Structures are given as structure tokens and as C-alpha cells.
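What follows is the residue order along each chain.
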Amino acid sequence: MKTRHKRLALIGGALVILGVIAALVLNALNSNIALFISPTEVAAGKAPKEKVFRIGGLVKQGSLARQADGVTVSFVVTDNEKDLTVNYKGILPDLFKEGKGVVAQGKLAGDGLFVANEVLAKHDENYMPPEAAKAVGDAHARATAAKQAGSASATGPAKPAGAN
Amino acid sequence: MNARFHLYHYASPATFYPLAGKLIPVFAALAVVFGLAGLYLGLLVAPTDFQQGEGYRIIFIHVPASWMSMFIYLVMAFWAAIGLAFNTRLSGMMATALAPTGALMAFLSLWTGALWGKPMWGAWWVWDARLTSELILLFLYIGFIALQSAIDDPRRADKAGGVLLLVGVVNVPVIYFSVKWWNTLHQGASVSLTQSPSMATTMLWGMLLMALCFWMYSIAVALMRVRTILLERERHTEWVKEMLAGETK
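Going down the list, the sequences are from chains A and B. Heads up, the first sequence is in the numbering used here, so the first residue is 10 and it goes up one at a time. Heads up, the second sequence is in the numbering used here, so the first residue is 49 and it goes up one at a time.
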């Protein structure tokens, strides 16, 4: 083995060891690196008590409401398994929308309510013109409508049979 | 001699210097062409985004800058490994020449991201895994430049800087995969090698042309810088003296 090959092998070996160390450290720090936890994790009691943390998920459709005082907004964050109601006083970011991603920072109040002091919008990686987005949305709506019609017609004849 | 050492021929500073001089205008011209085409597509042709409106047009700078910041670091680490293993003169100079451009790209990526983050996310800065690891990358670039300029002997500076570059290389996959490994505020990749891109075609082309422009710009600037470093470090050698004598005649 020539010296330069030895050195190359040494560099390669050192890089592999470094990679393993980095992987182990990052793995150990996993829970600290995650920016937010999901409502399911909150329901499982993984949320820190009396401490500020962030939750993330989707804003549930139809859940956004302004409260009687006129400044507090409340909405439900869901991960499609568990829900968590969030109260927030302040300005919502531009991309905040029902059905879209959100990250809220705050504390759990006693009654399972999450009181946020900061709300950030998390958006997805899809970029398209509005017409394309509308076409995708329409196609999706048609598909669900067709599905419902299909299941309705499938159960339709069965019902009168059961009634008879 | 030239024919026999074909591959290594241009690894010699004396032959690389004139070659780099010939290549610079080519890459500079390509950067202008790709840049104009990319900006035309990106700012005038590409449609408005359905969610972000006009604000999404940041991607024509932000994404190419982020890609370059990671890629330049990998190239520098490659040259550092070659330099440490084979003790070649030119590889250390290549790493040194690329560093300011890499730092610029990392800074551009963070800065444009912050400008966009305020209206879109609602925050200039979040300690999210993607943002934090990109900030570490900027610090690695600055650290490399600082370390190299702190050591007077250029050969020793190359070695010390090379070790730093190789240690820091673990950060690059962390940046790239951070959005997959952890919950982050930063969205996932729209363009990847394994999936079809989740973007409208004109937007994608605008972005890719800008990425090519950034590539050409980085190569041209790095070559200009490496020529200066070459002259400075090799000023006592025969070929530099001969060349300078030839120019003054």
C-alpha cells in the first residue's frame, strides 16, 4: 500500500466514524430537534406540563371561529386521529387556512385547551397556478361525490330489502 | 510528455492557469444567458401560485442558492480529501477559491428565506432543523475562511482547513434530509431525483434555469479567484516569472 492510498483509506475511515457519531447524536436528540408534536402525542401525555411547546397539524375544516371578545380566534388542530382546540390572540399569517398545516407555540391550559402565543403557517411543497389548483380540487370533489353516489346506490337497494 | 500525462496534465498550476483563463469568459457568458432566460421565465411567464400568490417567486433565487450552498461544500470537501491524500497543490487552492462563493450562497439562502418567512409563515426565523443546519453550514464556511487566513503558511492552512471541511461534511445530508427526518416548519422538497416534481412546468423550468445560472456563475467566479491565488502562491516559480516577463515585453 502506498502512503497516499493509506491516507485516502484513513480519510475514508474517519468520515465513516464521524457519520456514525453524528447519526447517534442526532438520534439521541431526536425529540429536541423536532419543532412540534402532534395532537396524538399531546393526548398520550407526551406534552411538557407548565412549559411552552409547539404543536403541529392541520387546521380542521370549519373549526375556525372568532370569539365574542373580537380578538381571540379559536381553531382545532388535527392529525386526523386526535384533535386539539387552540386559542390565539393575534394576527394569523397569510397562509393560514382551514385544511392547511399550522404550527402553534404555547401552553396547555387546565381544561385541555391549548393557549398559543405564536401561530405559524406550514405550507406544503406544491406549487401551481390557481386554475390548476381549482382543477385538482374539482377533480377531487367529483371523485368523492362519485364515491358517495356509488356507496349510496350500493346500499340503496339493500335498504328497501331490509325494510321489506 | 503531455500526451502521456493527459489526465494529470491540467493538475499542474502552470498548465491550469491559462486553461482557467480561457474558460472564465465561457462560463460567465453562459451564466448571463441562463440568468436572463431564467428571470424571464420566472418573473414574466410563470403563473402566480394558488396559495402564496406572487411571494412564491422567491424560489427562483432561494432554491438555487440553497442547492449551490450544499453542493459547493461537497466540492470543497472533495478537493480537501484529494489534497490531504495526494498532497496536490491545486486542490487546496480550489477549496480556498470556492469558499467565499459558498458562504455567499448560504447567506443568500438564509436571507431570502427570512424575507419570505415573515409574510408566509409569520416569523423571520424559527429554530427548525432545516434552518438551523443551513445556519451551521454558513458558520462552517466562515470558520473555514477564518481558519485559513489565520495560518500564514498556505500549505499548512490547506491541511487545517481540509480537516475542518471533512469534519463538517456530515452537516450536508442533515440539511438535505432534515425535512424528512424531523417535524419541521420548512416544507418538503418539491424537486427530487426519485419523484416527479410537484410544481407547474414553467415554474420548474424557471427555477432550473436559475440553478444553471448559479452553477455557471459559481464556476466562473471560482476560476477567477483560483487564478489569483495561483499567482500569489507560485510567484517565486519559474513559470510565473516567465509568464510575467512575456507579458511586460
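Accuracy of the hints is not assured; some may be wrong.
As the list claims (entries may be wrong) - Pairs of lysine-lysine residues, derived as DSS-like cross-links and limited to a Cα-Cα distance of at most 30 Å, are as follows:
id, chain 1, residue 1, chain 2, residue 2
1, A, K106, B, K289
2, B, K228, A, K109
3, B, K166, B, K228
Derived from the structure by calculation, the hints contain no laboratory data. Here the structure is a predicted model, which is why all the values come from computation and not from measurement.
Going through the earlier hints one by one, which of them does the structure break, listed in rising order? Structure breaks hint 1 only.
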